[in-house]
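Using the hints, position chain B against chain A.
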Amino acid sequence: MKKENGMQTDDFSMVPAKSYWSDVGRRFMKNKIALLGAMILGIIMFLCAAAPLFTQYDPVKDMVLMDMLLPPGSPGHILGTDDYGRDIFSRLLYGGRTSVLTGVSVAVVSAVIGVTLGCVSGYFGGWIDNLIMRFTDIMMSFPFLIIAIAIMAALGSSQKNIVIALAIVSWPRFARLTRGQVLSIRTQEYVEAANTAGFGDARIMFNHILPNCMGPIIVQLTLAVGSAILSAASLNFLGLGVDASLPDWGVMLNQGRNYLQTASWLTTIPGIAISLTVLAVNWIGDGLRDAFDPRLRV
Amino acid sequence: MWNYILKRILMAIPTLLIISFMIFSLLYLTPGDPVLLMLGSGDTQSVSQEQYEAVQKELGLDKPFLERYVDFLLGACRGDLGTSYITGENVFQTVMMRMPATLILTVSAVLVGILIAVPLGILAAVKHNSIWDSLATFLATIGVSLPKFWFGLVLIIYFSLRLKLFPSQGIAYIDRDGIGAFFSHLCLPAVSLGLGLAATQTRMIRSSMLEVLNQDYIRFAQSKGFKDKAVIARHAFKNAMIPVVTVLGSEIGALLGGAVVTETIFSWPGVGRLAMNSISRRDYPMIQGNTLILCAIFLLINLIVDIIYAWLNPKIRLN
Numbered sequence: 001m002k003k004e005n006g007m008q009t010d011d012f013s014m015v016p017a018k019s020y021w022s023d024v025g026r027r028f029m030k031n032k033i034a035l036l037g038a039m040i041l042g043i044i045m046f047l048c049a050a051a052p053l054f055t056q057y058d059p060v061k062d063m064v065l066m067d068m069l070l071p072p073g074s075p076g077h078i079l080g081t082d083d084y085g086r087d088i089f090s091r092l093l094y095g096g097r098t099s100v101l102t103g104v105s106v107a108v109v110s111a112v113i114g115v116t117l118g119c120v121s122g123y124f125g126g127w128i129d130n131l132i133m134r135f136t137d138i139m140m141s142f143p144f145l146i147i148a149i150a151i152m153a154a155l156g157s158s159q160k161n162i163v164i165a166l167a168i169v170s171w172p173r174f175a176r177l178t179r180g181q182v183l184s185i186r187t188q189e190y191v192e193a194a195n196t197a198g199f200g201d202a203r204i205m206f207n208h209i210l211p212n213c214m215g216p217i218i219v220q221l222t223l224a225v226g227s228a229i230l231s232a233a234s235l236n237f238l239g240l241g242v243d244a245s246l247p248d249w250g251v252m253l254n255q256g257r258n259y260l261q262t263a264s265w266l267t268t269i270p271g272i273a274i275s276l277t278v279l280a281v282n283w284i285g286d287g288l289r290d291a292f293d294p295r296l297r298v
Numbered sequence: 001m002w003n004y005i006l007k008r009i010l011m012a013i014p015t016l017l018i019i020s021f022m023i024f025s026l027l028y029l030t031p032g033d034p035v036l037l038m039l040g041s042g043d044t045q046s047v048s049q050e051q052y053e054a055v056q057k058e059l060g061l062d063k064p065f066l067e068r069y070v071d072f073l074l075g076a077c078r079g080d081l082g083t084s085y086i087t088g089e090n091v092f093q094t095v096m097m098r099m100p101a102t103l104i105l106t107v108s109a110v111l112v113g114i115l116i117a118v119p120l121g122i123l124a125a126v127k128h129n130s131i132w133d134s135l136a137t138f139l140a141t142i143g144v145s146l147p148k149f150w151f152g153l154v155l156i157i158y159f160s161l162r163l164k165l166f167p168s169q170g171i172a173y174i175d176r177d178g179i180g181a182f183f184s185h186l187c188l189p190a191v192s193l194g195l196g197l198a199a200t201q202t203r204m205i206r207s208s209m210l211e212v213l214n215q216d217y218i219r220f221a222q223s224k225g226f227k228d229k230a231v232i233a234r235h236a237f238k239n240a241m242i243p244v245v246t247v248l249g250s251e252i253g254a255l256l257g258g259a260v261v262t263e264t265i266f267s268w269p270g271v272g273r274l275a276m277n278s279i280s281r282r283d284y285p286m287i288q289g290n291t292l293i294l295c296a297i298f299l300l301i302n303l304i305v306d307i308i309y310a311w312l313n314p315k316i317r318l319n
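Protein sequence lines, in the order shown, are assigned to chains A and B. Heads up: the first sequence runs through residues 1 to 298, numbered per this note's numbering. Heads up: the second sequence runs through residues 1 to 319, numbered per this note's numbering.
Just chain A, with the same shape it has in the complex (with noise of 0.2 Å):
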């Protein structure tokens, strides 16, 4: 065991010294799952940007009554249609614009919420440390889809409610990472150093220490774009979400619910589309973690 350590530094004094950056960067490039879900995310993304290119059909008012539920192989219809006559591909890839979105919007709110509340509750300690993780722990021990269920009858259905709801019950986790983080990080000598240059408290907290503990943040973000994505569909399936007509995965698997015994394709492709890409987005985490830190790697 000795030995393949000493093994191991000698590789490593062999390599050229390079940025922790560009360390991360080398460790993700020779992970193979992790790139295959970085190629598959990045299909997926480029076919739903561009989703114009793709298909002719409007997602929403392309209806032809005449060709409803038709299945996955028909001429024109390579999916097959909706119990609208609506093209099924089309649809798929307009509503996988809204699915990731929601799902980055959701990571992307609730990251910057809880790693404020982190940094600071990190950086202060004290009876500001005390009050915001108490309050974290309590928003913890809330039954997440429960509560988000609870705001969304409350607020009404919409995008931007989900967006809401679902950011209000995940900022938790960035808050308590992201202090644990600041607080492994707040005593090391180039803090004391910037404190008794006399920086301010926040030019300290976001200019020498945050960017010090972005790696497991980054982690916990796509992480948390996959369960979004997942969460908001749920909400969306149970018709709490956006507006029906609009085309998002979660909307389509709420009216395929109707046709599983005539129209099983439509439950089983946008199904296939959200597995899909939350499982490229998991992997991506897993490399993520993986290159950020090797030695979690068990």
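Check the hints yourself; a few may be wrong.
[Said to hold, decoys possible] What follows is a list of derived Cβ distance ranges for each label pair: (1) A/Ala202 to B/Asp71: 40 to 48 Å; (2) B/Ala296 to A/Phe199: 44 to 52 Å; (3) A/Phe124 to B/Glu211: 50 to 58 Å; (4) A/Met214 to B/Met11: 43 to 51 Å; (5) B/Met1 to A/Ala49: 34 to 42 Å.
Read the hints as simulated data drawn from the structure, not as lab findings. This one's a predicted model, so the numbers in the text were calculated from it and none came from an experiment. Just so it is clear, CB atoms sit at the ideal spot from N, CA and C, and this is done for glycine as well.
For chain B alone, kept in the frame of chain A given last:
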């Protein structure tokens, strides 16, 4: 130990208070006039002023916000969560009548999750870096990434509509329909709800077992010539379970939330489906009571898991 339990119970009280306040103010802010809902009328024109005020007084809606919250809280302590605007039923009793179905579903889902996760997680850790390990990790990541309600729908399509092996809707009771019907109705919902737990727990058990298997006392036990199976079962598994039990509490809570969706798909007559029905009927006392009781049960489960955890782990018990 008793000190610890007491401390945990005392900590649960402010949490419950904040939850109740949040739920109460959320529904207070909701647009829509409860008095008109109660009268079954869409606008103020069709009801007389006296009628309106009488109902408003009866519901206690003429009082200021804080007073109403305190009334709600005192009522909740006595098990009185008000009456439904739509059906006039007692909220507490209605939710409690639905509770056994939800608990049966949740407990079965936990069993399904553990029965899949324990063998798979141990296999992955013991055969580390083998094809079994990759397969278990791959399956677990897929399980985490699938929308659970979609998995439920796929189960219905294949096992219920195509193969006609299980019923897709409703519940059966042992005393009324027999034990076979009970399990065949329970099977698909429990599997679909338990999948998420199985996936996260497989990952947890795998990484926790791997950590334990590298410890000196395991090597020592192996070097003393104990059989691998004995070492895994008696020495490694017990210690590996400590971090697994920690997250089990919040995982079971997530299941309660997932149950709302699962119950909707399988027409399971539990609390989750009641919540969805109340939301579509804008029956606010029912939504409020329902959410509060689910949160309280979630806290209770977490409390029990924490106490079991403290009992397993002397480090916490003695602090």
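Among all the numbered hints in the text so far, which are the ones the structure does not match? 3, 4, 5
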